[in-house]
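Let chain A serve as the given structure and place chain B on it in line with the hints.
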Amino acid sequence: MVQHKSITSLKQGETGTIIGYGSDSIPIKVYEMGLLPGVVLTMKRLLPFNGPVCVRIKDNPNAIALRRSEADLILIESLSI
Amino acid sequence: MTEMKIALVGNPNVGKSTLFNRLTGLRQKAGNYPGVTVEKKTGSFTFKHTKYQLTDLPGAYGIHPSSLDEEAVYAVLIDETHPNHPEMVVVIGDPFNLKRSVLFYQQIREMGLPAIFVVNMIDEAERAGLVIDTDKLEKLLSTKVVLTDARSGKGIEELKVALAAKHMHYEPIFQVPEEYGEAVAEAKTLLEMDNNYRAWLYLSQKHSNHLSAVYSNGIEEIKNTHQINRHSLQIRETMDRYAAIDMAFNGLMKDSSKEQASFTDKLDRFLTHPFWGYVTFFTLLLLIFQAIYTWSGPFMDGIENGFAWLATSAGELLPDGPINGLITDGIITGIGGIVIFIPQIAILFIFISLMEESGYMSRVVYLMDRWLRPFGLSGKSAVPLMSGAACAIPAVMSARTIENDKERLITILVTPFMTCSARLPIYIIIIGLIIPESQFLGFELQGWVLFGMYVLGLLAALGSAWLLKLLMKTNYKSFLIMEMPTYKYPVVRNVLLNVWDKTMGFVLGAGKIILAISIILWVLGSFGIGERFTNAEEIVRMENPALHGKDFENEVQSQRLEYSFLGVMGRSIEPLIEPLGYDWKMGIGLIASFAAREVFVSTMAIVYSLGDSDDELTIRSRMAGEINQNIGRPAYNFASGISLLLFYAFAMQCMSTIAIVRKETNSWKWTFIQLAFMTGFAYFAALLAYQLLK
Numbered sequence: 001m002v003q004h005k006s007i008t009s010l011k012q013g014e015t016g017t018i019i020g021y022g023s024d025s026i027p028i029k030v031y032e033m034g035l036l037p038g039v040v041l042t043m044k045r046l047l048p049f050n051g052p053v054c055v056r057i058k059d060n061p062n063a064i065a066l067r068r069s070e071a072d073l074i075l076i077e078s079l080s081i
Numbered sequence: 082m083t084e085m086k087i088a089l090v091g092n093p094n095v096g097k098s099t100l101f102n103r104l105t106g107l108r109q110k111a112g113n114y115p116g117v118t119v120e121k122k123t124g125s126f127t128f129k130h131t132k133y134q135l136t137d138l139p140g141a142y143g144i145h146p147s148s149l150d151e152e153a154v155y156a157v158l159i160d161e162t163h164p165n166h167p168e169m170v171v172v173i174g175d176p177f178n179l180k181r182s183v184l185f186y187q188q189i190r191e192m193g194l195p196a197i198f199v200v201n202m203i204d205e206a207e208r209a210g211l212v213i214d215t216d217k218l219e220k221l222l223s224t225k226v227v228l229t230d231a232r233s234g235k236g237i238e239e240l241k242v243a244l245a246a247k248h249m250h251y252e253p254i255f256q257v258p259e260e261y262g263e264a265v266a267e268a269k270t271l272l273e274m275d276n277n278y279r280a281w282l283y284l285s286q287k288h289s290n291h292l293s294a295v296y297s298n299g300i301e302e303i304k305n306t307h308q309i310n311r312h313s314l315q316i317r318e319t320m321d322r323y324a325a326i327d328m329a330f331n332g333l334m335k336d337s338s339k340e341q342a343s344f345t346d347k348l349d350r351f352l353t354h355p356f357w358g359y360v361t362f363f364t365l366l367l368l369i370f371q372a373i374y375t376w377s378g379p380f381m382d383g384i385e386n387g388f389a390w391l392a393t394s395a396g397e398l399l400p401d402g403p404i405n406g407l408i409t410d411g412i413i414t415g416i417g418g419i420v421i422f423i424p425q426i427a428i429l430f431i432f433i434s435l436m437e438e439s440g441y442m443s444r445v446v447y448l449m450d451r452w453l454r455p456f457g458l459s460g461k462s463a464v465p466l467m468s469g470a471a472c473a474i475p476a477v478m479s480a481r482t483i484e485n486d487k488e489r490l491i492t493i494l495v496t497p498f499m500t501c502s503a504r505l506p507i508y509i510i511i512i513g514l515i516i517p518e519s520q521f522l523g524f525e526l527q528g529w530v531l532f533g534m535y536v537l538g539l540l541a542a543l544g545s546a547w548l549l550k551l552l553m554k555t556n557y558k559s560f561l562i563m564e565m566p567t568y569k570y571p572v573v574r575n576v577l578l579n580v581w582d583k584t585m586g587f588v589l590g591a592g593k594i595i596l597a598i599s600i601i602l603w604v605l606g607s608f609g610i611g612e613r614f615t616n617a618e619e620i621v622r623m624e625n626p627a628l629h630g631k632d633f634e635n636e637v638q639s640q641r642l643e644y645s646f647l648g649v650m651g652r653s654i655e656p657l658i659e660p661l662g663y664d665w666k667m668g669i670g671l672i673a674s675f676a677a678r679e680v681f682v683s684t685m686a687i688v689y690s691l692g693d694s695d696d697e698l699t700i701r702s703r704m705a706g707e708i709n710q711n712i713g714r715p716a717y718n719f720a721s722g723i724s725l726l727l728f729y730a731f732a733m734q735c736m737s738t739i740a741i742v743r744k745e746t747n748s749w750k751w752t753f754i755q756l757a758f759m760t761g762f763a764y765f766a767a768l769l770a771y772q773l774l775k
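Residue numbers (our numbering), protein chains in the order written: chain A, 1 to 81; chain B, 82 to 775.
Hints were generated in silico from the structure; no laboratory data involved. Treat the hints loosely; a few may be bogus.
Unchecked claim - Derived DSS-like pairs: lysine-lysine, alpha-carbon spacing no greater than 25 Å straight-line:
1) B:K180 / B:K335
2) A:K11 / A:K58
3) B:K347 / A:K58
4) A:K44 / A:K11
5) B:K569 / B:K335
6) B:K335 / B:K235
7) A:K58 / B:K180
8) B:K269 / B:K304
9) B:K554 / B:K750
10) B:K129 / B:K235
11) A:K44 / B:K569
12) B:K132 / B:K304
13) B:K225 / B:K180
14) B:K287 / B:K247
15) B:K304 / A:K58
16) B:K180 / B:K569
17) B:K347 / A:K11
18) B:K750 / B:K487
19) A:K58 / B:K217
20) A:K44 / B:K180
21) B:K241 / B:K217
22) A:K44 / A:K5
23) B:K487 / B:K287
24) B:K225 / B:K86
25) B:K180 / B:K235
26) A:K44 / B:K347
27) B:K335 / A:K58
None of the values given here were measured: they were computed from a predicted structure.
Bound-form chain A, shown alone:
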């Protein structure tokens, strides 16, 4: 079953695949950074008090930091359930 959840529903250490976006007005930077449909990513860190999240794309040593407001718009299918 495909669940339309966003990146922020992942817990630390969990992995998911991007399946789409919740809005058309996502900054071009999200695409340029390679956060594209089909990409597998792992949640590295969720800072408390609604702070930014830090994800890592599979096979890429560099991480990407995003505010929750952007992360909420990137929809995923969870792999680790």
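For chain B alone, coordinates are given in the frame of chain A:
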């Protein structure tokens, strides 16, 4: 000999600046946090009878700009009349983000620019088990591919050879989608060109500043008739390109790296931890300030004594007269006042460049975003704010990486509140004079007070940011999307060069102003008109017949100063500054400080040595012995000292910062508001403090 213009282009954190240093030998900064190469850097080198003019463009993720930095990249590449428009582009790719780099490469190629492709950090990639099929990549990109490791210098010679290689034919990958075909055709007719992609780019940008009004209005018209949403164009292009690259990459890279907890992961578990991350960051800050204070001590004492000796020897060697006075009291004293602060500035820059080089700075951005957002700032404002602790000028410039206009403007307006290194001389002297030498919680009390001054600057910056956020409206959505690179061992050479550049830049830049002001001050302080200046000796003898020898000489000197041009200036602003606890001599220091605040100490040194016949005293002991004639107490007592500290903490006293703010905001209005607000706030804070404490 032929010449060739080349531009270096690439994503941030790919080692572009290090490669640039390798090629040109021209010294500049290479770092790990977004926006180190905010300035346009140029350099040149000669290889096999060709002189290559290099431009190091700011790091960008693609051709479509989302910050001022990236706009600069787009402008240089699209505008054929731009003075830095390259004849060839070197695209520097990151082996771990090869697809992203290839996307950028293809955009550049399809604009009609010849380019070669470099894969940098190849050593790191090989260690991680990444193997790139160079032949396949060359075929895909229709160009020469060079593998380099800029840190060790590997592949640099091959790159130089490749620059002269013949350009291969390139077939565009990106096809204009059918629904936009008409609009693109119209744009091509309008601009009289046959490049589809360039037309597409014009349609997908916010503005095309370099085009003449006729053309740019024409483009707007086409956008309107076809109801083109430039954002959808950019997204469509990026998605299409990635899809094509994904297909083409099949079998191009072999990745045998295992998903194991890397060094970076282990460090980040601690350094970005919601509790320990912050503890580490703030401990590090406290450590830096303690280091500035304690490590610099012995160096400062040495420099101070050295200059006192120099002034004495020069005074003895040179014949008596005005030249002697100008050199000893004016030039040597003035220069001594700036050289003495080199140790602190160097120590501060060592820490800042270590943080940039290692990749820790982007973690600071990540940690601080949540806490800066309520003040109308972004996590990226942390970089200008922290650099502001060194110097507001590069700090204001580094705000260019902030995508949102409002956040960027607020950052620029509040950054000068941060305690820059030019404030350090004043803080250190004043704190040394009014705060006793004792221990508090295991650290020097004076160090705590200095730390407090930094906190105060930060609070002023955040408070005014919050105010500005309430007052300003914005239509732009704010976001933070940032890469956090792996941790790297700092390249010692890069750190040292950076520290050297920054320190010398500060000393020479400030030194020029200080030298000029020192000479002007000495002239104004040594000459005057009126009876009491020209006949000072007789008047003193008449008024104080009991004075003899040294006391008599001192009295004459101080009366001369009081009635010199300089004294008249100081006394004319005395009514304004008396409520703050300052006398007319300190008033002279304040007047001089409006050009640059760091001249305060050297100015006071000149003022006090002019009013004194003893040349052997150090600046510190002169200031300690100075008596404020209005109140009959030491000029630097607790109340006036605190008042001075507050004034210098808040006032906008730096011509160069005013100039750079004007340039970066492109607005006299905001520049003036900033100047008036900071200086007014400083006056009232100092007034309040003195009146409460006196």
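Evaluation of the provided hints:
1. As the CA atoms of K180 (chain B) and K335 (chain B) are separated by approximately 14 Å, the hinted pair is consistent with the 25 Å bound.
2. Of the supplied pair hints, the one linking K11 (chain A) and K58 (chain A) holds, its CA atoms being roughly 16 Å apart against a limit of 25 Å.
3. Taking the CA atoms of K347 (chain B) and K58 (chain A), the gap is about 17 Å. The hint holds against a cut of 25 Å.
4. Distance hint between K44 (chain A) and K11 (chain A) is fulfilled; the C-alpha atoms sit about 9 Å from each other, no more than 25 Å.
5. Using a Cα cut-off of 25 Å, the hinted pair K569 (chain B) and K335 (chain B) holds, with the two alpha carbons roughly 24 Å apart.
6. The hinted pair formed by K335 (chain B) and K235 (chain B) meets the criterion: a straight-line CA distance of about 22 Å does not exceed 25 Å.
7. Between K58 (chain A) and K180 (chain B) the CA atoms are separated by roughly 13 Å; this keeps the pair inside 25 Å, and the hint holds.
8. Restraint check for K269 (chain B) and K304 (chain B): the C-alpha separation of about 13 Å stays at or below 25 Å, so the hint holds.
9. With a CA separation close to 16 Å, the supplied pair K554 (chain B) and K750 (chain B) stays within the 25 Å bound.
10. With a CA separation close to 19 Å, the supplied pair K129 (chain B) and K235 (chain B) stays within the 25 Å bound.
11. The hinted pair formed by K44 (chain A) and K569 (chain B) meets the criterion: a straight-line CA distance of about 19 Å does not exceed 25 Å.
12. A distance of roughly 42 Å separates the Cα atoms of K132 (chain B) and K304 (chain B); the hinted pair therefore is violated under the 25 Å criterion.
13. Taken as a hint, the K225 (chain B) and K180 (chain B) pair is honoured in the structure, with Cα atoms around 17 Å apart against an allowance of 25 Å.
14. Proposed proximity of K287 (chain B) and K247 (chain B) is contradicted: the alpha carbons are some 35 Å apart, above 25 Å.
15. At most 25 Å may separate the alpha-carbon atoms for a hinted pair to count; K304 (chain B) and K58 (chain A) exceed this at roughly 38 Å.
16. Taken as a hint, the K180 (chain B) and K569 (chain B) pair is honoured in the structure, with Cα atoms around 22 Å apart against an allowance of 25 Å.
17. Taken as a hint, the K347 (chain B) and K11 (chain A) pair is honoured in the structure, with Cα atoms around 18 Å apart against an allowance of 25 Å.
18. Taking the CA atoms of K750 (chain B) and K487 (chain B), the gap is about 15 Å. The hint holds against a cut of 25 Å.
19. Taken as a hint, the K58 (chain A) and K217 (chain B) pair is honoured in the structure, with Cα atoms around 23 Å apart against an allowance of 25 Å.
20. A hinted pair counts as satisfied when its Cα atoms are at most 25 Å apart, and K44 (chain A) with K180 (chain B) qualifies at roughly 22 Å.
21. The straight-line distance between the Cα atoms of K241 (chain B) and K217 (chain B) is roughly 22 Å, inside the 25 Å bound, and the hint therefore holds.
22. Between K44 (chain A) and K5 (chain A), the direct Cα distance comes to roughly 17 Å. Compliance with the 25 Å bound is thereby established for this hinted pair.
23. A threshold of 25 Å between alpha carbons decides the hint, and for K487 (chain B) with K287 (chain B) the separation of about 17 Å falls inside it, so the pair holds.
24. With a C-alpha separation of about 18 Å, the suggested pairing of K225 (chain B) with K86 (chain B) holds against the 25 Å cut-off.
25. The hinted pair formed by K180 (chain B) and K235 (chain B) meets the criterion: a straight-line CA distance of about 23 Å does not exceed 25 Å.
26. This hinted pair checks out: K44 (chain A) and K347 (chain B) have alpha carbons roughly 11 Å apart, not beyond 25 Å.
27. Distance check on the hinted pair: K335 (chain B) and K58 (chain A) sit about 14 Å apart at the alpha-carbon level, within 25 Å; holds.
Hint compliance for this structure: hints 12, 14 and 15 are broken, all remaining hints hold.
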